[in-house]
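Protein chains in written order, with numbering that gives the first Met the number 0: chain A, 0 to 151; chain B, 0 to 151; chain C, 0 to 82; chain D, 0 to 82.
Check before you lean on any hint, since a few could be wrong.
Said to hold, decoys possible - Pairs of lysine to aspartate or glutamate, DMTMM-like flavour, derived with a Cα cap of 25 Å:
hint : chain 1 : residue 1 : chain 2 : residue 2
1    : B       : Lys139    : B       : Asp14
2    : B       : Lys119    : A       : Glu107
3    : B       : Lys139    : D       : Asp59
4    : D       : Lys11     : B       : Glu51
5    : D       : Lys68     : D       : Glu16
6    : B       : Lys119    : D       : Asp59
None of these hints come from the bench; they were simulated from the model.
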Amino acid sequence: MPAVPRVLVQAGPFDIGAEAARLQAGRTDVGGLASFLGICRGDGGLVAMELEHYPGMTEKALTRIAEEACARWPLTGCTVIHRHGRLVPGDPIVLVLTASAHRVAALESCAFLIDWLKTKAPFWKREEFAGGAGRWVEAKAEDDAAADRWAR
Amino acid sequence: MPAVPRVLVQAGPFDIGAEAARLQAGRTDVGGLASFLGICRGDGGLVAMELEHYPGMTEKALTRIAEEACARWPLTGCTVIHRHGRLVPGDPIVLVLTASAHRVAALESCAFLIDWLKTKAPFWKREEFAGGAGRWVEAKAEDDAAADRWAR
Amino acid sequence: MKVLYFAWVRQKVGVAEEEVAPPAEVRDVAGLIAWLAGRSAGHAAAFADPRQVRAAVNQDFAPPAHPVKPGDEVAFFPPVTGG
Amino acid sequence: MKVLYFAWVRQKVGVAEEEVAPPAEVRDVAGLIAWLAGRSAGHAAAFADPRQVRAAVNQDFAPPAHPVKPGDEVAFFPPVTGG
Numbered sequence: 000m001p002a003v004p005r006v007l008v009q010a011g012p013f014d015i016g017a018e019a020a021r022l023q024a025g026r027t028d029v030g031g032l033a034s035f036l037g038i039c040r041g042d043g044g045l046v047a048m049e050l051e052h053y054p055g056m057t058e059k060a061l062t063r064i065a066e067e068a069c070a071r072w073p074l075t076g077c078t079v080i081h082r083h084g085r086l087v088p089g090d091p092i093v094l095v096l097t098a099s100a101h102r103v104a105a106l107e108s109c110a111f112l113i114d115w116l117k118t119k120a121p122f123w124k125r126e127e128f129a130g131g132a133g134r135w136v137e138a139k140a141e142d143d144a145a146a147d148r149w150a151r
Numbered sequence: 000m001p002a003v004p005r006v007l008v009q010a011g012p013f014d015i016g017a018e019a020a021r022l023q024a025g026r027t028d029v030g031g032l033a034s035f036l037g038i039c040r041g042d043g044g045l046v047a048m049e050l051e052h053y054p055g056m057t058e059k060a061l062t063r064i065a066e067e068a069c070a071r072w073p074l075t076g077c078t079v080i081h082r083h084g085r086l087v088p089g090d091p092i093v094l095v096l097t098a099s100a101h102r103v104a105a106l107e108s109c110a111f112l113i114d115w116l117k118t119k120a121p122f123w124k125r126e127e128f129a130g131g132a133g134r135w136v137e138a139k140a141e142d143d144a145a146a147d148r149w150a151r
Numbered sequence: 000m001k002v003l004y005f006a007w008v009r010q011k012v013g014v015a016e017e018e019v020a021p022p023a024e025v026r027d028v029a030g031l032i033a034w035l036a037g038r039s040a041g042h043a044a045a046f047a048d049p050r051q052v053r054a055a056v057n058q059d060f061a062p063p064a065h066p067v068k069p070g071d072e073v074a075f076f077p078p079v080t081g082g
Numbered sequence: 000m001k002v003l004y005f006a007w008v009r010q011k012v013g014v015a016e017e018e019v020a021p022p023a024e025v026r027d028v029a030g031l032i033a034w035l036a037g038r039s040a041g042h043a044a045a046f047a048d049p050r051q052v053r054a055a056v057n058q059d060f061a062p063p064a065h066p067v068k069p070g071d072e073v074a075f076f077p078p079v080t081g082g
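Chain A on its own, in the form it takes in the complex:
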C-alpha cells in the first residue's frame, strides 16, 4: 500500500530537522531521504513576498500530487509543506521531503514534486520592492518544461 503523505499549507515556519526525523521515526526500512527547501530570495531590492493561495483547492491539489508520488515511486513516506502569507528574504517557503529504501526513488520523486509545485500548485506570488513598488510574479515557460518531463 502506498505511503500516506503529510501535506500542510500554513502561514508559519517549519522545521526541516523535525520533519526529516518524523519520516524515519520507529522504522529501519528508510535508506534515503531527499529534500528540497525553497527559500525567499532578496534579489533586486525585494523586501517581501506575499503568497496568496486558494484555501481548499490548494490542500486538495497538493495532497493529490503527493499521493501520486507515493504511488509512482516506492516511497516509505512523503512530506510537502507550503507556506502562504507574507514572507521576507531568507524565509523558507516550501519543503518537500521524500523517503524510500533506495536513493533514486527519493531523489526522483523529490524533483518531481518540486517541479509540479512550481507549475500546478494554486499559489500566486506578489513581490514588494523597496520604495513600495509591487508586481505579481509571472509563470515561467522553463518551469512548465521542467514539469512536462514527468508526463507519461
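Got chain A; can you put chains B, C and D on it based on the hints?
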C-alpha cells in the same frame, strides 16, 4: 568564485537542521537547498554496519568532488558529511546539501554528489547479521551506471 | 454559482468572491468569462485577455470548454507560481 | 614504500599496513601486486584475482599501469561502497 565546500568525515552523528541553517545563515541569495540523507537500513536481519575508510584519501577525494560540484553548478554552498565506524539500523550515514539561487542547480548537484559517493568515495561497508554472520558489501553495477550519467 | 478571484484577477475585479446567477445559455467556463466581463469595468479589465486567465471548477483546474452549472464553485486566477 | 590494505584485502593479508622494499623491476601497480602476492599465503589469497582489487597511489585512484616508486604510499582495496 566558486563556493568553498564544507566536507567532514567523522564517526559521530550530524544535524541536518543545523547544516541546512548554516548554508543560509546571513545571506538572501539562496533560493533552493537540496539535500540527500543516506540512512542505514535494517534489511534481512542486519544488526550493524561497519564503515571503513581511508583516512587522508577519503577527505581529499570528497573535497575534490565537492569542489567540482561547486565549479560545475552555480552553488552558493555545499556540504558533504560522511560517517565511518559502527552504525546500526536507523543511523544516518551520509548527508549531502547543496544550495543555489535556483532549484535545478541544487537538485542536480545533490544527485551528482550522491551518485559519485556511491561509486568513488573510499569507503567499504561490512554488514553484520543476527547470529554473528558478516559480509562485505559488494559494489553495484547500477551505481556505476548512475555515476556515469554525469561524465562529460 | 460562487465565483472566486485570485491575485491580479481579484485586484482588477475588485472583490475576492461573489455569488452570481448567469443566464441558462452560460454553459461553460468560456461562456462564464464572457458573461462576467460585462458585469463591470473591473470585470472587463480582468478578462480583457482571457488567455491570461486560468480557471478551476469545484477546485479542479478546468479548460475553457469545461461545463459550469448552478451550485458550482468557479475560480479565476493567473497562471500559478508556487514552489 | 608504504603499503596499506582495506576491507577484505586487509583481512586476507592480515595487516593493515606494511613497509616494503620491492626490487627495482617492480615499476607499476600491477608489478607490485605480483610481487606482494609472493610474500605470504595471506597476500596470495588477497591478490588471487587482481581484477577484484583496486589501488590508489599517493591517495589517488590508480590503474594497474600506474608507476610506483620508493617513498610512495600505495593502497589496495575492493571496489568502494560509500554513500
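Hints versus structure:
For the hint linking B:Lys139 to B:Asp14, the alpha-carbon distance of about 29 Å lies beyond 25 Å, and the restraint is violated. A C-alpha spacing of about 21 Å is found between B:Lys119 and A:Glu107, which places the hinted pair at or below 25 Å, so the restraint holds. In summary, the hint linking B:Lys139 to D:Asp59 is supported, as the alpha carbons are separated by about 21 Å, within the 25 Å threshold. This hinted pair checks out: D:Lys11 and B:Glu51 have alpha carbons roughly 15 Å apart, not beyond 25 Å.
This hinted pair checks out: D:Lys68 and D:Glu16 have alpha carbons roughly 17 Å apart, not beyond 25 Å. Distance check on the hinted pair: B:Lys119 and D:Asp59 sit about 11 Å apart at the alpha-carbon level, within 25 Å; holds.
Going through the hint list in order, the structure does not satisfy hint 1, though it satisfies all others.
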